[in-house]
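J.: Each chain, letter by letter, is given below.
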Amino acid sequence: MAAITKRVMAGVAAKVMVFCLALVPLALLISDILTGSVGPDPGQAITERLGLTAFQILLLTLLITPLKKLTGWSGWLRYRRMLGLFVFFYASLHILAFLQLLLGWGDLWATFTKRPYLVMGAAAFVLMLPLALTSTKGMMRRLGRGWKPLHRLIYPAAGLVWVHFLWQARSDITEMVVYGVVLFVLLGLRVYWSGLSSLIPLRRG
Amino acid sequence: MLIKQRPSWVLPESEVTPKSIYLNRRKFMTGAIGAAASLTVPGLLHANDASSGLKALDYRSATEYSTDEKKTPLDDVTAYNNFYEFGTGKGDPAKYAGEMSVDPWSVEVEGECERPGRYALEDLLKPHDYEERIYRLRCVEAWSMVIPWVGVPLADVIKQLQPNSRAKYVYFETLHDPKQMRGQRSLFSTVEWPYREGLRMDEAMNELAFLAVGLYGETLPNQNGAPIRLVVPWKYGFKSIKSIVRIRFAEEQPKTSWEMLAPNEYGFYANVNPEVDHPRWSQKQERRLPSGILRPNWIETTKFNGYEEQVAHLYKGMDLAKYY
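Protein sequence lines, in the order shown, are assigned to chains G and B. Counting from 1, one number per residue, gives the positions in the first sequence under our numbering. Counting from 1, one number per residue, gives the positions in the second sequence under our numbering.
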């Protein structure tokens with residue numbers, strides 16, 4: 001009994017720690033804003049940093065399955081939902097910052113449909129929306145076997161995010177290439193282990 | 001026997017602190033004072049960095065060419081730069097441009113002119129007096145600054161080099177030296193170095209075209225294109241090529257870097273024009289820096305960056321949507 005309580009406590013502590021770690025990028029950003037070190041074009045800098053953080057955590061969520069496979073420890077899965085919701089959290093802040101601090105709220109439809117790189121970003125967010133909404137235990141139960149195929153939408157979303165990132169490059173694409181390689185490896189491992197069909201969303205089986 | 005008695009205040013040679021240690025202590029103290037000061041005043045260290053090694057310049061104010069808009073603070077002008085030779089991040093040039101040596105500096109003059117040759121920078125500038133011009137700088141990325149440049153009219157330098165009648169264009173090149181410019185060592189850079197720019201002869205001879213050697217009264221910090229750069233205020237910022245090492249007078253229109261890189265996005269002319277959007281973003285407005293934290297400092301972009309009166313005649317009859 002005591003041993004079980006200890007294990008539960010350790011699990012909770014680990015979750016709290018991951019939660020706090022995921023908030024570190026936001027804390028650093030806020031501290032940079034308060035100390036005036038985001039530079040003379042704060043809207044641009046803040047928007048870029050929030051977007052990049054969202055992408056980084058997205059890659060972390062995609063790392064969970066390979067980690068489980070490679071280490072044989074399924075405990076990693078416990079952090080995936082929380083990380084996924086943090087992706088959504090940072091992506092939402094990224095869009096809010098883009099509209100409030102950078103572009104303005106006028107004619108949202110034109111904003112998100114006219115420029116190809118923004119279409120990509122907006123599409124990725126739209127794909128993530130149902131994932132965030134169905135992340136509760138109740139929704140998981142209700143969707144049953146349909147939950148997993150739905151949540152494979154994260155794969156196309158990740159691809160769109162990368163294109164969204166790449167299309168903002170003006171000349172040097174080193175950073176985009178690095179992120180692209182990481183994403184390619186993470187998705188490639190799944191194909192290697194479970195076949196290409198394991199990446200296709202909304203399809204049972 | 002004579003016994004030399006030493007007065008008590010005379011110290012033997014062995015007790016003298018060696019000069020090097022004495023000097024080191026002074027260096028340590030100034031360093032410590034600087035560090036302490038920077039801890040209490042965050043902006044101070046920054047200001048020191050930007051101004052270290054910069055020389056004050058003698059100049060007259062050319063108010064007839066200057067805007068009275070609020071100037072962008074020196075700290076922002078020197079910390080927020082596009083100078084891809086040192087990296088694509090806005091802070092990269094301030095971080096890494098110190099790896100470039102700008103003294104001595106020479107400029108190769110070649111092509112259709114009577115006075116070609118390799119000029120030491122001092123010799124190129126000797127015949128001219130410096131003036132200060134406060135210009136708007138509009139970046140193609142939709143932000144802008146107001147900067148007090150110190151330098152000489154480009155036309156004066158061109159006249160000194162005596163282009164002949166075949167010279168229809170002026171071509172410029174930035175230093176190409178991957179040892180000093182880390183951005184040129186990047187594997188995935190799509191720029192074909194060196195960075196190249198050019199102007200039509202009548203544009204180059206326009207009274208607004210300017211060769212800057214300083215800003216805010218001192219020589220240019222490296223990240224701003226030391227020791228000599230072009231400033232063409234009616235065109236997008238990328239036309240204002242930095243750290244120039246080559247000037248060529250040419251009969252044919254030269255290929256320019258951004259045009260080579262993405263011809264559908266950037267043209268040879270690159271005149272500031274709110275009516276012609278960049279394919280990926282609008283050019284109707286710009287964020288005048290420093291921009292606010294909670295609300296961006298958007299202002300309307302004006303044709304030729306507000307210099308229509310001085311330059312519009314250069315493009316009479318041209319379709320500016322085609323020649324962007």
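Just so you know, the hints here were simulated from the structure itself, not pulled from any lab data. Being a predicted model, the structure only gives us computed values, none of them experimental. Treat the hints with care, as some may be off.
Unchecked claim - Pairwise CB distance ranges (calculated):
#1 E69/B <-> L143/G: 43 to 49 angstroms
#2 L23/G <-> A262/B: 21 to 27 angstroms
#3 R295/B <-> R203/G: 43 to 49 angstroms
Said to hold, decoys possible - A few chain B positions that, by computed beta-carbon distances, are all more than 10 angstroms from chain G:
#4 K55
#5 T88
#6 V109
#7 G111
#8 G117
#9 E141
#10 S165
#11 E218
#12 V276
#13 A321
The beta carbon of each residue, even a glycine, is placed where N, CA and C say it ideally should be.
J.: So, for every hint listed, does it hold in this structure?
T.: Results of checking the hints against the structure:
1. The hinted range of 43 to 49 angstroms is not satisfied by E69/B and L143/G, whose Cβ atoms lie roughly 58 angstroms apart.
2. The beta-carbon spacing between L23/G and A262/B, approximately 38 angstroms, falls outside the hinted interval of 21 to 27 angstroms.
3. Roughly 46 angstroms separates the CB atoms of R295/B and R203/G, a value that falls within the hinted 43 to 49 angstroms.
4. Every C-beta of chain G lies more than 10 angstroms from that of K55/B, the closest at about 25 angstroms, which supports listing it as non-interface.
5. Non-interface call for T88/B relative to chain G: violated, since the shortest CB-CB distance, roughly 4 angstroms, does not exceed 10 angstroms.
6. For V109/B, the requirement that its beta carbon stay farther than 10 angstroms from each beta carbon of chain G is met, with the minimum near 28 angstroms.
7. The Cβ of G111/B lies farther than 10 angstroms from every Cβ of chain G, with a closest approach of about 27 angstroms, so its non-interface assignment holds.
8. Distance check for G117/B against chain G: the nearest CB is about 33 angstroms away, which clears 10 angstroms, and the non-interface claim stands.
9. Separation of E141/B from chain G is inadequate, the least Cβ-Cβ distance of about 8 angstroms not exceeding the 10 angstroms criterion.
10. In this structure S165/B is separated from chain G by more than 10 angstroms, as the shortest Cβ-Cβ distance comes to about 37 angstroms.
11. Consistency note on E218/B: stated as away from chain G, and its beta-carbon is indeed over 10 angstroms from all of that chain's, at 20 angstroms minimum.
12. Listed as a non-interface residue, V276/B keeps its Cβ farther than 10 angstroms from every Cβ of chain G; the least gap is roughly 15 angstroms.
13. No Cβ of chain G approaches the Cβ of A321/B within 10 angstroms, the least distance being about 18 angstroms, so the stated non-interface status holds.
Hint compliance for this structure: hints 1, 2, 5, 9 are broken, all remaining hints hold.
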